[in-house]
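In the order they appear, the protein sequences are chains R and V. Take the first sequence: its position 291, counted from the start at 1, is 291 in UniProt numbering, and no numbers get skipped. Take the second sequence: its position 62, counted from the start at 1, is 62 in UniProt numbering, and no numbers get skipped.
The hints are simulated quantities; they were obtained by calculation from the structure and are not laboratory data. Positions of the beta carbon are idealized from the N, C-alpha and C atoms, including for glycine. Treat the hints with caution; some may be incorrect.
To be verified - Covered stretches of chain R (chain V as the covering partner; in silico rule of three or more C-beta atoms under 8 Å from a C-beta of chain V):
| hint | stretch |
| --- | --- |
| 1 | 131 to 145 |
| 2 | 160 to 169 |
Claimed, not checked - From the structure, some residues in chain R lie toward chain V, with a derived Cβ separation under 7 Å:
| hint | residue |
| --- | --- |
| 3 | Ala183 |
| 4 | Val184 |
| 5 | Ile187 |
Now for the letters of each chain:
Number of protein chains: 2
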Amino acid sequence: MKHLAIFAGAGELPLIAAKNAAKADIPFTLYHITEAELNAELAADISLKKREVSLGTLGQTFAYLKKDKITEAILLGKIEKQRLLQDVVRDAEADRIYAAAADRRDDTLFHEFARALASMQIHILPQKSLLDGCFLPAGVLTQKKPESASLLEDIEFGYELSRKIGSLDIGQTAVVFQKMVLAVEAIEGTDAAIRRAGEIINKGSPTEAHRAHGEPGASVRSGSPQDAHRAHGEPGASVRSGVVCKTAKTSQDPRFDLPAVGTRTLETMHAAGLQALVIEAAHTLVVNPQEFIARADALGLIVIAR
Amino acid sequence: MKHLAIFAGAGELPLIAAKNAAKADIPFTLYHITEAELNAELAADISLKKREVSLGTLGQTFAYLKKDKITEAILLGKIEKQRLLQDVVRDAEADRIYAAAADRRDDTLFHEFARALASMQIHILPQKSLLDGCFLPAGVLTQKKPESASLLEDIEFGYELSRKIGSLDIGQTAVVFQKMVLAVEAIEGTDAAIRRAGEIINKGSPTEAHRAHGEPGASVRSGSPQDAHRAHGEPGASVRSGVVCKTAKTSQDPRFDLPAVGTRTLETMHAAGLQALVIEAAHTLVVNPQEFIARADALGLIVIAR
């Protein structure tokens, strides 16, 4: 008899997975990771079997998994990075995995965790296996379409760049404008990278007013990017420029850390004055695709899945 | 008869070049780019031939170059990025170069500028040709040496990574710790990337407390990087971690935008709690190498040139 553990961080993804599991008659226990706030609907549902598990007490988690006769697991939902970087008291099992890992990267630690589960005959499912309906179809999905040659070029340039930074295991997001790389996401997160690009594109970087040394040849880069944008004329988008591209890492483990976008991504882009979002149709999670595209249209943004 | 134009942005590099040119009996005129503050010593030297040139008025600059019978030029010194991104009124010549450039990147615009000078038979010299003594010898140059295996691994990892982001024309600097990529510099500048990495490594990212979605597998990444650092034990550097690597782009034009480091880079690293700086001996400008290494020693940092 199969029995699934849904490891739940914050947000709606664990709720969607729980609903889909129930619909498919898959018996499951919800393993709430206490360092993240559980979705309110899941928290209120007293009919669910639930466990509270902490990041630091893996010994207890493993004991629960055995007791519950778990055969499969899925990992979904947000964990606040700040908490991960702060002190979590580790028990012996967590220490063992921490020491066994060659480095501190998410992927490395995830694979040690997956190895421990495999030794208990527990199989980790791909994230998308219980997230039907959380992906966008390919195409230009918004009312607004990319029309100017320079924007189309930036879409190609940014998309290729984001795939390359993914292949180097740097991050998932690149923000470009006029083939300038405005921001590359490393560990700070997508929204922080978008905001940084927005600061640069709209008023020059406030954090670093000058380069380490100079380039008088750049003298001809006079006029703001917005100015250049107007010169190249994206119709009806005269105050927006810059393309955000978010793609999965080439070596992305489908059981772990698929890229995700949400309306918050769109709000951040809008506040930053950016224009277009390019994602991968097959590999990017969107909690509610319909609502997502409606919001993009309301904000006058372009969304492309490919 | 050769006659050199030294295009001068802010900082000490134009001063060093002017002194070296005088020492070598090379006749020159100083072309001060008015968008940058001229070095005080150069500004005070009334014996120098000087021109004031603006980023936007290239027609006038070209007229000066002809009038002065310039045969060679060198471009040195800082330009404030903020000014470049703000409105500079362009004359017809600047507009022509701006329009001819395929995109707005520094390199692209520089090459259009270089082409215009070439058509006037003016040759642009490599930046280092008048900067004798502004480079570091190869080796571990500080009193503090890298000793732990994890730090040595990060030095290799970060150096290779910075070369790769250079080959993608993203930027010059990568900051790594425990093979995690903490920050990649795009357009925001080296110091901003260092500060960002410092915020993450020391207290978690304040700008983005969570990822776009979650990774319970990362649960085992408990404990702060500082904690991991202590566990791996870099002797005598218990509160510092993280390696800053700055390298030239693979396609770096030696006439333009060589990477540079200075005591400000060290101060920023120190404030951010970072530990080691890795640069290229042959391709990284250092205004005063001796003072630079003395400051690194005073701050307890490691500097490696390779």
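Original post:
Are there three or more residues in the stretch 131 to 145 of chain R whose C-beta lies closer than 8 Å to some C-beta of chain V?
Top reply: violated (count 0)
Original post:
How about Val184 of chain R: closest beta carbon in chain V under 7 Å, or not?
Top reply: Nearest chain V Cβ about 4 Å off; hint holds.
Original post:
Taking a Cβ-Cβ distance under 8 Å as contact, does the stretch 160 to 169 of chain R have three or more residues in contact with chain V?
Top reply: holds (count 5)
**OP:** With a cut-off of 7 Å on the beta carbons, see whether Ala183 of chain R makes it to chain V.
**Re:** 5 Å, holds
Subject >> Hint validity - Ile187 of chain R Cβ closer than 7 Å to any chain V Cβ >> reply: Hint holds; Ile187 of chain R Cβ to chain V Cβ min 5 Å, cut 7 Å.
When the structure is compared with the earlier hints, a violation turns up for hint 1 alone.
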